[in-house]
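Following the hints, complete the assembly by docking chains B, C and D onto the known chain A.
Protein chains: 4
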Amino acid sequence: MNYQEILEDIYKSIKPELKRGKVADYIPALARVKKEQFAMSITLLDGTNYSVGDVDKKFSIQSISKVFTFTKALNIYSKELYKRVGVEPSGNPFNSLVQLEYENGIPRNPFINAGALVVTDSLISYYKDEYRALEKILTFVRDISNNSSIDFDEEVAKSELEYGDRNLALAYLMKSFGNFENSVEKSVSTYFKQCAITMSAKELSRAGLYLANGGVDPITKKEFATLSQTKRINAVMLTCGHYDASGEFAYHVGLPAKSGVGGGILAIIPNVMSIAVWAPSLNRYGNSHAGTLALEEFTTKTGLSIF
Amino acid sequence: MNYQEILEDIYKSIKPELKRGKVADYIPALARVKKEQFAMSITLLDGTNYSVGDVDKKFSIQSISKVFTFTKALNIYSKELYKRVGVEPSGNPFNSLVQLEYENGIPRNPFINAGALVVTDSLISYYKDEYRALEKILTFVRDISNNSSIDFDEEVAKSELEYGDRNLALAYLMKSFGNFENSVEKSVSTYFKQCAITMSAKELSRAGLYLANGGVDPITKKEFATLSQTKRINAVMLTCGHYDASGEFAYHVGLPAKSGVGGGILAIIPNVMSIAVWAPSLNRYGNSHAGTLALEEFTTKTGLSIF
Amino acid sequence: MNYQEILEDIYKSIKPELKRGKVADYIPALARVKKEQFAMSITLLDGTNYSVGDVDKKFSIQSISKVFTFTKALNIYSKELYKRVGVEPSGNPFNSLVQLEYENGIPRNPFINAGALVVTDSLISYYKDEYRALEKILTFVRDISNNSSIDFDEEVAKSELEYGDRNLALAYLMKSFGNFENSVEKSVSTYFKQCAITMSAKELSRAGLYLANGGVDPITKKEFATLSQTKRINAVMLTCGHYDASGEFAYHVGLPAKSGVGGGILAIIPNVMSIAVWAPSLNRYGNSHAGTLALEEFTTKTGLSIF
Amino acid sequence: MNYQEILEDIYKSIKPELKRGKVADYIPALARVKKEQFAMSITLLDGTNYSVGDVDKKFSIQSISKVFTFTKALNIYSKELYKRVGVEPSGNPFNSLVQLEYENGIPRNPFINAGALVVTDSLISYYKDEYRALEKILTFVRDISNNSSIDFDEEVAKSELEYGDRNLALAYLMKSFGNFENSVEKSVSTYFKQCAITMSAKELSRAGLYLANGGVDPITKKEFATLSQTKRINAVMLTCGHYDASGEFAYHVGLPAKSGVGGGILAIIPNVMSIAVWAPSLNRYGNSHAGTLALEEFTTKTGLSIF
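Residue numbers (the numbering used here), protein chains in the order written: chain A, -11 to 295; chain B, -11 to 295; chain C, -11 to 295; chain D, -11 to 295.
Same shape as in the complex, but just chain A (with noise of 0.2 Å):
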C-alpha cells in the first residue's frame, strides 16, 4: 500500500470519530469552526506531497506556532535560554499556575503557555520591539514554508486577547518573579497574533520539512536549526508536545508533535518526513480527537514510529 491510499485508508476509518470531542469554545472566533472537516498531509524529505481531505482549507494553527518561535529563540539565545524556560514533561495543564509558582516563575516548557510567553518575549526583546518581532516571527514561518503569503488572523487575535485574562496572569507571575522582560500586554498581544498565524495542511507539513532533515529545509536548503538544535526540539516535541497528554501520545503514536487547540498536528518522523493533520474537534485534553487517532492508525499502518 503506498502513502496515498494509507491516507484514504485513514480518512475512511476516522470520518466517524470527526463529530465525537468538541471544538475549542473559548473564543467566538474558534467556535464558530465546523466540526466535521479533516486534512492530513505527508511531505517527503524530497518534496513529494500526500494528502487527503480538505488540505487546502486554512486554519489556526495555535499553540503550533510555540516550535517555530522556540526555533527562532534557541537560535538567538541557544543554552542561555534555559535559564528562562525548561525541558521538563509539566505533568499539569498547559495553563496552569501551580506549578509555575512553586518553581519560581520558570516555566516547565516552551510548550505550554508560560514557556511560550517567555520565548515570545525573549524574541521581543532581541528584536527590540513587539512589531520588529511579529515581523520575524512571520518571515521565519514563511521562510520554513518557502510560501510568502502566510498570515495571521487579525479577528482572532483579537478575540483571543478579549478573552487572555489567564494567559495576562501566567505572564505577570512570571513578571512577579524577574521572568519576564516586556510590557505584559504588548508581549501577551504579541503571541496571541502569533497563534492566530493560519496555514492549511499542506503548507503545515512543507513547513515542518526542517525537523524532518535535521535543520536544513531539503529543497531550498536553508538552515533554520544545527542538527543538534533540531534533534533537541524534536525531543521537547515528544515529551511536552501534547500538554498533559504528551504521554499518552508518545505511548500510541510513538512521533515527536505539537499540537494546536484549532485541530491541528504537525509530526516529525525523522529522516522520512513531516506531517500535519487538522481536525477540528479535541479531546478532553484539548488535543485534536480525529487528527491523534489518524496519526495512531498511521504508526501502525506504516511501522514509522520512532520506537
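There is no bait here: all hints are sound.
Copies of the same chain look alike in the list, so a pair counts if it works inside one copy or between any two.
Straight-line alpha carbon distances no greater than 27 Å define the calculated DSSO-like cross-link-like pairs of lysine-lysine that follow:
hint, residue 1, residue 2
1, K124, K174
2, K289, K3
3, K7, K71
4, K174, K146
Keep in mind the hints are simulated off the structure, nothing from the lab.
Positioned in the frame of chain A, the structure of chains B, C and D alone reads:
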C-alpha cells in the same frame, strides 16, 4: 498595675526586639522606614486612650485597610459577598495563586490579597467608578476614626503599583474565572491607594473602636456594622488576620487582629477596647515581630484574651 | 428565656434539619447509626446541667478525643510538642497528605488526623507502650468526666482499623520524615481506640468543663491544664476544630469547638459553660449538620459568642 | 571509529566526572558502594558485545527492574493495566504523594514508585502469592538475560524495607483509594526484592536486547513482548524513565532509557542495540551523573539518537 503602666512595661521589655526581623523591602517607600520605632495605643469604649512610644507617627496601614473595606462591602452586599470570597483560613502565604486556581478563582477569605482585591472590585462595581469608590473608602476610614484628616500616601501607592505584578496576576486569574468585574489595572491601583492610607497608632486604635462595641462607635453613636456583622468580622480577623501565621497568633495572643506589612496591627477585645501597635520590623510571616510580642505580653499581663 | 427553654426551642427548630446530610459511612459500625437523633447538653461552671433530646444515648466521640490527647501531650511535653505538630489551620481536608509532604512530615495542627496521630505517638513514647498509653488516655477522659465508666467500643475500633489505610499512609509518611517514633500499626490501632470512646452528650458536656474554667475542674478542683495551656487549647479549637470549615464555624458560631464524624461537637464558652451537641448526620465538611446549626442558634439567642 | 574505540574514548573523557555527585545513601547497603567505578556495555542485535570499565561487576539494578515487571504485567493484563496506572510523565519527584492524592490513587506511570508498586501488586494477584510472583519475576529476568544465575541481594532488600516507610505510605494511600489488592507489607517487600536484583553492565545490556528488537530476543528467538507492546514500553521509558529529569534526558540523550539509584541506566536504540551504563554517583534528580553524560556523548559521537 494600670493600663499606662502595663504599656510602659511592655515598651521596656520589647525594646531589644525592635532590631530583630526586617522591614518590608519590596518597595522603596517602605524599605526606607527606620527599624527601631514602636508605638502602642489602646482606646477604651468610653474613649479613654493610653499610649506609649511614637504614637503620633504616621505609618502605612497596608493590609489593615482590608478590615475596613470588608466592613464596607459587608454593609452593601451582606451574604451575597460570599459568592465571591470565603471566610476560611488559607493555609498558604498571603499572595499564593495555587489555592486560588484549585478553588476556581474564589479567594479563601477577604484578608489574603486575592480576597481583598475582590472586595475592592465589589466596591468599585457598587460605586460605579474607582475614584468614587476610593473616596467612599476614605470617607469611611475618616468616619470610624472621627478624624477628617486621614489620607493615603501617593508615593507609596505609586511605588506599590510599580512592583505590583503578582497582584495583577491574582486579579487576572480571578478575571479568567469570572470573579472580577472591573478593569484589573484600575482596581489594583485603587487597592494600592487603600493600602497606602497612613495613620498613627493612636488614630488606628480609635478607628477600631466600632469593632469592640458591636459595630457602633461608642462616642459618636454612629453604626458602622450590625452586631452580627461585627462578631463575624472579628471572627475572620481571628482565623485569617495574620496570613499563614493566624493560628500561631490566635494561640499566643488570643485576640481578633489584623496585621499589615507596614508593621501595624489592629487588635480587638470585644466589649473592652481597641488596640493598635506599630513596629516596622517583620517576622518571617510578614507580621510585625515586636508588635506580635507586645500583644502577647499585653494579653498575658491583663488576662484579657477571648479564650 | 432560661437555658432550658432555649434548648427546647432549638430542638424544635432543628428537627426538620435532622434528615439532611448523611451519616459517616466509611465504616459499617458508624453507617448503622440512625439519622434522626439529637441531643444538646450544657454544663455551667457550678455543675448545673440543662439538656434536651437523647442526652443519655452514647455515641462515638471520634475526633473530639483529639482535644483530650492534645491536653495530655501538652501537659507532658509543653513547648517541645511543637517541634512535631503545629497550631496552624490547614486549608485542606482533614486527611490530606499533600500539605504533610510539602511541610516535611510536620502536621499543621493536632486536630487533623496526621497531627492527632503524632500526639498519640508521643503519648505512647512517654508511657513506653501502647496499652499503658491507652489506659492513661482513658483514665484522663474518666477524670475530666468525673465518671469512671467511660470506655471505648471495641467493634468500632476494629472496624476503623480495617478501613484505616489512609491513616496508615499518613503515619508512614511522617515516619519517613522521622516524625513518628513507635510502630505505625500499634500507634494507629491505639488512635482508633481513642476515637472509639463513647460518651453521651451529657457526659461530654461535663468532660469539657475544665476548658471553660481555665484548666481546673470547678467541681472536683482537679487541675487538668494550666490557664495558659487552656487558652491555647481553646484557640486551636477555634482556628482548627472543624477541619476545612473552621473559618465558617468561627464565623457563624463564634466559639472554640471540636467536631467528630460520629456527629458530636464539644463547644466551650470560656468562663461560662461547656456545651455538647450530637446529631449524627454530617455536612459536606464532615461536621454535624444539625449540631452546627444548633450551636449557631444558641449563640445567636444568648449572645454568648466570644467575639 | 568503531564502537570499542568510542566506548574507550567515552571512558577517558568521563573519568573526571566520576567523583562528582553522590552515591545513594538512604540505605547503608547502597551508601557503601565506591564512587569511582564505571562500566559501559553495548550489545548489538546479532549478540556482539562491546564493553569498557568494570563490566562484570554486579550492581543493584533498583528501578531498572520496573521495566521488566512492567513488561510482564503488560503481557498479562494488556490494556486492563491502564485502569490502575497511567503512562504520563509526573512532573514531580519519583516518590511524591501529592499527585497520587489528587489523582485518586492512580499513579501517573509505572516507573515512579507508586506505579511500580501497583505493577508488582498486580503480579502478586495474578500469581496468587508473593513468593510465586517473585519467582516469576526472577525467571523473566533470567530469560531475557539468557543467564540463569541472576539473583537478588537479600541484604539490600532487607535494608530497603527497614527504610521503606515512604513506599509503605504510597501503597497504603493507594489501598485507601481501592488501588491495591494484596497485603501492603508483603507487596512492598516483594518490590524491594525485585529492586535488589544485581546484574553487571554486560548482563544488563544483554537483558535489554528484546526491547531493541521489537520484543523478540534476536539470539534465542523467544518473544517477551509484542512489537506494539515493545514500542510502547520504549515510549514510556523515553517520557518517564528518568523521574523528573525525563525531559532533560530525552533532550540531551534522545533515547528511551531507565535509570536506577544504584547508578545503572539501561538505554535502547530501537533496531540497533541495547546499552547499559553504570556509575554509582547520582545527580540531584537521582540519576547516574556520569552515566547520563556517557550516554549523551555516545549519541553525539554515533548520531544514533531516535530524533
